[in-house]
Structures are given as C-alpha cells and as structure tokens.
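Protein chains: 2
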Amino acid sequence: MKISCWFTYNNLEELYFTGKTVVVIDVLRATTTIIAAFENGAKEIVPVNAIEFAMKATSGTFGGKTLLGGERNAKKIEGFNLGNSPLEYSADVVSGKSIVFFTTNGTKAIVKAKFADHLFIASFNNIAAVAKKLLELNLDFDIVCAGKNGGFSLEDAVCAGKLISEIMQKKDNVDLSDAALASVKLNDVFGIDFYKTLTECEHGKLLIENGFLDDLKYAANFNSSNLVPQFSGGSIKILEAQSS
Amino acid sequence: MKISCWFTYNNLEELYFTGKTVVVIDVLRATTTIIAAFENGAKEIVPVNAIEFAMKATSGTFGGKTLLGGERNAKKIEGFNLGNSPLEYSADVVSGKSIVFFTTNGTKAIVKAKFADHLFIASFNNIAAVAKKLLELNLDFDIVCAGKNGGFSLEDAVCAGKLISEIMQKKDNVDLSDAALASVKLNDVFGIDFYKTLTECEHGKLLIENGFLDDLKYAANFNSSNLVPQFSGGSIKILEAQSS
Numbered sequence: 001m002k003i004s005c006w007f008t009y010n011n012l013e014e015l016y017f018t019g020k021t022v023v024v025i026d027v028l029r030a031t032t033t034i035i036a037a038f039e040n041g042a043k044e045i046v047p048v049n050a051i052e053f054a055m056k057a058t059s060g061t062f063g064g065k066t067l068l069g070g071e072r073n074a075k076k077i078e079g080f081n082l083g084n085s086p087l088e089y090s091a092d093v094v095s096g097k098s099i100v101f102f103t104t105n106g107t108k109a110i111v112k113a114k115f116a117d118h119l120f121i122a123s124f125n126n127i128a129a130v131a132k133k134l135l136e137l138n139l140d141f142d143i144v145c146a147g148k149n150g151g152f153s154l155e156d157a158v159c160a161g162k163l164i165s166e167i168m169q170k171k172d173n174v175d176l177s178d179a180a181l182a183s184v185k186l187n188d189v190f191g192i193d194f195y196k197t198l199t200e201c202e203h204g205k206l207l208i209e210n211g212f213l214d215d216l217k218y219a220a221n222f223n224s225s226n227l228v229p230q231f232s233g234g235s236i237k238i239l240e241a242q243s244s
Numbered sequence: 001m002k003i004s005c006w007f008t009y010n011n012l013e014e015l016y017f018t019g020k021t022v023v024v025i026d027v028l029r030a031t032t033t034i035i036a037a038f039e040n041g042a043k044e045i046v047p048v049n050a051i052e053f054a055m056k057a058t059s060g061t062f063g064g065k066t067l068l069g070g071e072r073n074a075k076k077i078e079g080f081n082l083g084n085s086p087l088e089y090s091a092d093v094v095s096g097k098s099i100v101f102f103t104t105n106g107t108k109a110i111v112k113a114k115f116a117d118h119l120f121i122a123s124f125n126n127i128a129a130v131a132k133k134l135l136e137l138n139l140d141f142d143i144v145c146a147g148k149n150g151g152f153s154l155e156d157a158v159c160a161g162k163l164i165s166e167i168m169q170k171k172d173n174v175d176l177s178d179a180a181l182a183s184v185k186l187n188d189v190f191g192i193d194f195y196k197t198l199t200e201c202e203h204g205k206l207l208i209e210n211g212f213l214d215d216l217k218y219a220a221n222f223n224s225s226n227l228v229p230q231f232s233g234g235s236i237k238i239l240e241a242q243s244s
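Those protein sequences? They're chains H and X, same order as listed.
Taken in order, the first sequence gives residues 1 to 244; the numbers are from my numbering.
Taken in order, the second sequence gives residues 1 to 244; the numbers are from my numbering.
So here's chain H without its partners, still in its complex pose:
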C-alpha cells in the first residue's frame, strides 16, 4: 500500500485524483464540522468552492430544507444560516437537513478531489473509523490536507500522521511519500497532546483570538465519532450503517 500526502491542495490538478482513493483533512474546522453535522443527523452536505455558488445552490433547488453554512477567514458570512463552528451544528438545527457548505480552505480541497473513486472526510474525531475503512479497501490512497491559504497547517499534518500511524499498526509493507513520512514523525511529536498543539498552531491561535477556543476542545476529541462521511454524486453523505 502506497500512502501519499499533500500539505496543501492548491498545486494539485483536479484530474490528478481521477480513480484514486482520497482522504481530505481540515481539522480547523471544515472536516471537524462536517462530522459534527452528521453526528447530529444532517442528511447531506454539499461542499462548494465559491460563495456565489453557495448562494445559487440554496436559492431554490433544495426548497426549505437547506441551510447555508461556512466561513471566510474564520468569520461567518453575511446571509449564511451557520458559521464553521462544529458547536453550531446541533441536532435541533441540522437534523434531516441538507447543508450547502463553503469554507476558505476545506471545501475547496474536497471539491478539488471530486473525481476520486473514493473520497472520505477525516478529522481527529473519526480517525479509527477512517483507518478501518481504508484497511478494508486495501488500496493506495492520498491524504489531502486543506492547509491554510496555500501554506502548511501543522494540525492537518499531525492528523494525517495519526491516520497513517493507525494503519501502520495493522498493516506491514506500507510505502510512504516524503510528506506522509514527515507527517508520521510530526504526529509522534505533536500528536501526544493534540489539544495543546491546536492551541499553539497558527490557525488555532487565530481561532482563539476570534473566540473559538471551545472549537479546539471539540476538534481534539480523538475518535469521538464512528462515522465516515463520503463524497459521492455531488454531496457528502453517510453511505452505509457504520458502527464501532
């Protein structure tokens, strides 16, 4: 099994992903929030890579059961129902709903990888479930970290390393790209106290300044979810019954 890792999605071509198995990670906060929404009963999430497209997508097609969620530069967007805090996506708000979702980096990374054969959503919250799924598939795969505006995000790299480490505990002969190997070593150092890492990384500090410390606590809950959201046919869904 060959595992490749990308610390940003920006340099990758859409067609690169054709036929591949891909995991997208954006710990702060898009993929954490997507998992939270499904934990609380959301029906589906439609990731979009432009605000204009988000507005258009909710203007009629989905009737009254659609919410518009996301952020730009960590802040809720005017006219949106929800921001990008996992704590906003509670059962009373999202249960049974379709959510059109735009974020600065995470949803763009998901849309970029849309031609993948298998496209999974991971955060620190569902690593064991995603690892189990990847081990069942037993295919080469790519991890795409959302990063931050084209640059490296420590928290995404550490989460990628944690996922790879989980797989390597259960599988021999894993071949790692440079970035995959680096992320494993970064998890060895920064994954021991992931909450501390979140409070000290660049994006975490920005979120704390904006009043989102509780989001960091939420994002650091290792394996709090058994769900594996999957992008297929234009939206993210929970495709099958999953249990621990």
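By construction, these hints were calculated from the structure, which means they are not laboratory data.
There may be inaccurate statements among the hints.
If chains are identical, the list can't say which one is meant, so a pair holds when it fits in one copy or spans any two.
[As the list claims (entries may be wrong)] In silico lysine-lysine, PhoX-like type, Cα no more than 25 Å apart, as pairs:
hint, residue 1, residue 2
1, 185, 205
2, 196, 20
3, 185, 196
4, 205, 171
5, 43, 56
6, 2, 196
7, 65, 171
8, 170, 2
9, 205, 2
10, 114, 185
11, 114, 171
12, 20, 75
13, 205, 20
14, 43, 76
15, 132, 43
For chain H, the structure is supplied; the task is to place chain X on it using the hints.
Showing chain X alone in chain H's frame:
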C-alpha cells in the same frame, strides 16, 4: 525575529516577497550546485524559470564566457553545456564564467522571490555561513523550499530546520510559523544522519536510479562552504569577501 517557511514556492505570489529577506533551499540539487560553482570560481549565475529564456540569454549577450547549465526532471538538457550535478561544476570548467541556469524547481523558486530585499542561496553545505549572515541582519525572514513539482521534499524541509536550529542556538525569542516549527522537528529526526535521509527520500531515490549517488554524498557535506551566494540585480553573486 519571525521565521516563516514554505515547503513549495508554487502558491506564493511574486509580490509577497517585496522587501523581505528570503533564503531559497533546493538541496537536490540546484542550491547545492550553485554553491559548488562559486566554490570553484564561477563569476555569476543567472537563474531562469524557462528553458526558452535560458537559450535566449546565452545567444549573444554574454559573449563567449557564458555556460548554459541545468536539468529537466533530473536529466541534462540537450544543447546545454552542463547538467545539474555539483560535481560537473569544477574549477577548470566554471572558473571566471557566467552560468545561465535552469532547473525544474530550484531556479523557479529563486526567480519567484526576485523582489526580495535580501535573497540568499542555502544548502546543507553552507548553513553556518547563511545563519551568521541572517543573525547579522537580524531581520524577520522567509525560507522557501523548492520542493518537488509543487509537493513537499523532505530534504529541503530538514535543511530548513537545520538552518533555523542554528539560529535558535544563538538567538532567543524566535517566533516560528507552523512550517518552520515542523521543519525544526523534522531536522531533529532526519538531520542526525542527513546522508541516510538523502538516500531514502523520494528525490534522492530518483537521483540514485539515474546514477547520481555521488551528488548525494556531496550534498550531505555539512558546512563545507563559507560562501553565501546572493541574488541581486538579476544574477546570483558572491557579494563580498566572506571567511569563516
């Protein structure tokens, strides 16, 4: 002092570098080769970001004292005098010469950063000299790793971490970006035996397959040079007498 690091140059805008202090690293092999050329008496190196531009630049302007060097995908380019192996840039070949230089990643990274106030060339061979220069300047700086076709290269990240570690040994209150912090930790793991790292990283393995094992040995010579090549006015030069 704030130290930022970029694992690829591709997502950065040229104007980002305006007024900044920048160090470009491409261990395998552009910056290693540039330093080798100056150690052997080259007069100047003109980095270009397109082969066509390299051809044009040598067609007349520089008379008979100009060499054309570089590679595309690790291989020498037809019509070029030299490839991208530091071992080719011996004194009998390069002494007193201007060299127009094109490589797949390294020279593109240098050209991208051309609006920097200070733009230095570093490899594992001249880390102490570059660190000394940066400590004298005492300015915030950015390290730009050439990476590999828009992706992460372990050897460049480790070299960046080594440079930052050298500076942190002599200076307190250094503020690190996520990528700078990650590179320091990667140097702690992979910098202990840098030659071994070069033989095991993706680009190193490719070079070994192409018969360039000796280049890896050369690239792993820690502090074999006291020179700090600097880009200024369109070409890279040794701007002042430098000694250990």
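Outcome of the hint check:
| no. | hint | result |
| --- | --- | --- |
| 1 | 185 x 205 | both (23 Å within a copy, 20 Å between copies) |
| 2 | 196 x 20 | neither (34 Å within a copy, 31 Å between copies) |
| 3 | 185 x 196 | both (17 Å within a copy, 16 Å between copies) |
| 4 | 205 x 171 | between (36 Å within a copy, 24 Å between copies) |
| 5 | 43 x 56 | within (20 Å within a copy, 59 Å between copies) |
| 6 | 2 x 196 | between (31 Å within a copy, 21 Å between copies) |
| 7 | 65 x 171 | neither (43 Å within a copy, 57 Å between copies) |
| 8 | 170 x 2 | within (15 Å within a copy, 41 Å between copies) |
| 9 | 205 x 2 | between (34 Å within a copy, 16 Å between copies) |
| 10 | 114 x 185 | neither (29 Å within a copy, 33 Å between copies) |
| 11 | 114 x 171 | neither (28 Å within a copy, 46 Å between copies) |
| 12 | 20 x 75 | neither (33 Å within a copy, 29 Å between copies) |
| 13 | 205 x 20 | between (34 Å within a copy, 24 Å between copies) |
| 14 | 43 x 76 | within (22 Å within a copy, 55 Å between copies) |
| 15 | 132 x 43 | within (23 Å within a copy, 58 Å between copies) |
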